[in-house]
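Asker: Two chains, each in its own frame: build the complex with the hints.
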Amino acid sequence: MKKRIIFASALTGLILVFGLGGNALASGESLGKCSVIEYNEKIEAAELTPQSLSDEASIEVLAEIFDSCIEAPSPIIPEINEVIWGGGAFVVLLALMLWKGFPAVQKIMNERSEKIATDLDEADKAKSEAQAVKTQYEAELADAKSAAAAVIEEARQQAEVLRSDLQERAESEIAEMKEQAAADIDAARERAMGDLQSEVSEIVVGAAERVVEANLDAQAQARLIENYINQVGSN
Amino acid sequence: MSDEKIQSYAQAILAVASAESNPAQVEDEIYRFSQAVQASEELKSTLSDASIPSVRRQQIVEDLLDGKASQTTAALVSMLVAAGMGSEIKAIADQMIGLGAESRDKAVAEVYSVVDLSPDQQERLAAALKSATGKDVEMKVIIDESVMGGLLVQIEDEVIDGTVRTRLKQLREAF
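So the protein sequences, as listed, match chains A and B. Converting from the first sequence to this note's numbering requires adding 21 to each position, the first position being numbered 1. Converting from the second sequence to this note's numbering requires adding 32 to each position, the first position being numbered 1.
Chain B on its own, in the form it takes in the complex (with noise of 0.2 Å):
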C-alpha cells in the first residue's frame, strides 16, 4: 500500500473527527482499536480477508466496537474495513495520531506499559519528556505485558527504555 494513499485515509479521518464535538476522542479510539487488531492475528487477518463479504466484516467491527467507541469511531473503522484497509488500520492510525498531534504542534509518545496510567502520571510523565527531549506530547498508552514493568517510550526515532524485559535482557547478556 502507498504511503500517500494511507496518508489520504488518515488525513479524511482526522477531517470527520475534527467535525465532532470531541475529535481527540475519536483519535484516540481509532488508535486503541488499531492497537487490538494489531495484538490479535486472527482479528487482523479476518478484516482484511477479501473473501469474506464486506458487510459481515464490518458487522464484526461494529459489534467489537458497540458500546466501548463514539458512532463515529465505529463508523469510520467500519468505512476502512469496506475499503478493503483493513490490513492497513495500523498505518492508517499511526498516521492521523502523527498529522493529527503535529497539526497541534506536538509530537506522538507510544507509552508501553504493562498498566495504564493515571492521569496524573501521565501529566507528570508529559512534564518529564519534554524535560528530557524539549518536545510537548501527546501520550498514546499501550498496554504491553511483555515489558514485564517499567516503562518503554518512543517518540518518533527516539526510544527511552526503562523497562523490566529490557533489564533481564541485559542481565542475561551480561553473563
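In isolation and in its complexed conformation, chain A is listed as follows (with noise of 0.2 Å):
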C-alpha cells in the first residue's frame, strides 16, 4: 500500500514538474508581445550592435523597442499559451488521477476501511473472547470460592463433629474410669472384709477348735458317741 501511494506521489511530481517546466521553456521563446525574430528585426532595423550600446542614444532607441514589445500582462487573465498549456497539464493530470490515482486511492481507502473494519470486528471479537474469558475467570472464581467455601463448611463441620465424638468419647472413657474406679473400691472394700472376716473366722475356729481338742478327753468322746447313738436312733 504504501508503495502504491509513493508511486502515485512521485508521478503527479514528475507531472507537475515537466508540465510546468514545458509551458516555462514555450513562454522563453518570447518576451512580452514580440518574439525574438521580431526583436531581432527592429534592431537591426535601428541599426543597433553591441558597439553601438554604448552611447545614450542607442540606449535609448533600445528602451523603445523594448517598450514596444513589452506589453502589461492583465491581473486576471492569464496568457493563451499557458492557458493551453495549463488546461492541457490539467487534463492530461486529471485524466491519468481518474485512471490510475483515483481508482488506487480508492482501493487502498478501501482497503484501509476493510481493514479498520476487520481490525474493529477482530477487536470487537477479541473484546467479545476477552468478555466471555473474563465472565468464564468469574464464574469459575465464583465456583472456586464457592467450592472453598464448601471445603471450609464442611471441614469445619468435620471438625465439629470429630471434636463432639472426642469430648463424648472422653467423658465415656471418665465415666467408665469412674466405675471401674468405684467397682475396684468396692471390691476392695469386699476382698478386705472377706479377708478379715476369714481372718476373725480363722481366729475364732482356731480357738474353739483349741478349746474342743483340749476337753476332748476319753469321757468327752463315750459322751459325743452316744449323743450320736440317741440322736440317730431317735430318727
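Rough simulated footprint, nothing fancy, chain B against chain A, three-plus residues with beta-carbon under 8 Å:
hint : stretch
1    : 223-233
2    : 238-245
Derived EDC-like pairs: lysine to aspartate or glutamate, alpha-carbon spacing no greater than 16 Å straight-line:
hint : chain 1 : residue 1 : chain 2 : residue 2
3    : B       : K162      : B       : D137
4    : B       : K201      : A       : E223
5    : B       : K201      : A       : E234
6    : B       : K201      : A       : E230
7    : B       : K201      : A       : E220
8    : B       : K162      : B       : E142
Since the hints were made in silico from the structure, they are not lab data. The structure presented is a predicted model; accordingly, all values stated were derived computationally and were not measured. In this text, a Cβ means the ideal position worked out from N, Cα and C, and glycines have one as well.
Answerer: Here you go:
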C-alpha cells in the first residue's frame, strides 16, 4: 500500500515538473508581445550593434524597442499559451488521476476501511472473547470461592463432629474409669472385709478347735458317741 | 484295674475265708489291714512296687501281720501282694466286705471314730442305724483322728455325719 502511495506521489510530481517546465520553455521563446525574431528585426532596423550600445542614444532606441514589445500583462486573464498548456496539463493530470490515481486511492481507502473494519471486528471479537473469558474466569472464580467455602464448611463440620466425638468418648471413658474405680474400690473393700472375716473366723474357729481338742478326753468322746447313737436312733 | 478282676479276687478270698472256722474274723482282719495300707502311702507304694521282689513284699506283709492276724489272713494278703494286687487291696477288701454282708442280707456300715467302739456301743449303734435306715448292718469301725470327736457312718451312698470336725467346719462357714 505504501509503495503504491509513494509511486502515485512520484508520478504526480514528475507530471507537474515536466508539465510546468514545458510551459516555461515555451514562454522563454517570446519577450512580451514580440517574438525573438521581431526583436531581432527591430534591432537590425535600428541598426544597433553591441558596440553601439554604449551611447545614450542607442540605449534609448533599445528602450523604445523594448517598450514597444513589452505589454503590461493582465492581472486576471493569463496568456493564451499558458491557458492551453495549463489546461492540457490539467486534463492530462486529471485523466491520469481518474485512470490510475483515484482508483488506487479508492482501493487503498477501501482496503484501509476493510482493514479497519476487520481490525474493529477482530477487536470486537477479541473483546467478546476476552469478555467471555472474563465471564468464565469470574464464574470459575465464583465456583472456586464457592467450592472453597464448601470445603471450609465441610472441614468445620467434620472438625465439630470430631470434637464432639472426642468429647463424648472422653466423657464415656471418664465415666467408665469412674465406674471401674468405684467397682475396684468396692471389690477391694469386699475383699478386705472377706479377708478380715476369714481371719476373724480362722482365729475364732482355731480358738474353738483348741478349746474342743483340750476338752475332748475319753469321757467327752464317749458322751459324743452316746449323743450320736441317741440322735440317730430317735430319727 | 477292672471291676471284674477286683470282684473275682474278692469272691476268691470270701470262698477261702468261708472254709475257715471263723470267716467273719478273716474278713475283718483283711479289712483292717486294707485300712492300714490306705492310711500309709509308703506302705501302699512298697507293696505295689514291681521293682521290689515279690518275696520281699510278701515277707513285709507277713512281718506286719505276724501275731496280729490269723495265718489264713496273712496268707491271703500275701497272695494278693505276690499277684501284683498290692495297690488294689483296699478295693478288694471293700468288695469282699460288701459281698459278704450281702450274702448275709446285711449292709456294711463304715464307722469313723477317734476311739474304738465297745461291743455294747456297736450293738446299740447297729440298732439305731436299723431304726434310721431300715437295714441290718455290719459295722466296720475305722479309727480316724481327723474326725476329732463323734461319729461318721457311711452305709453305701448314705452318710450320717455327727463329727466335731464337721461342726467346726460348719462354724467356720457360718462366719
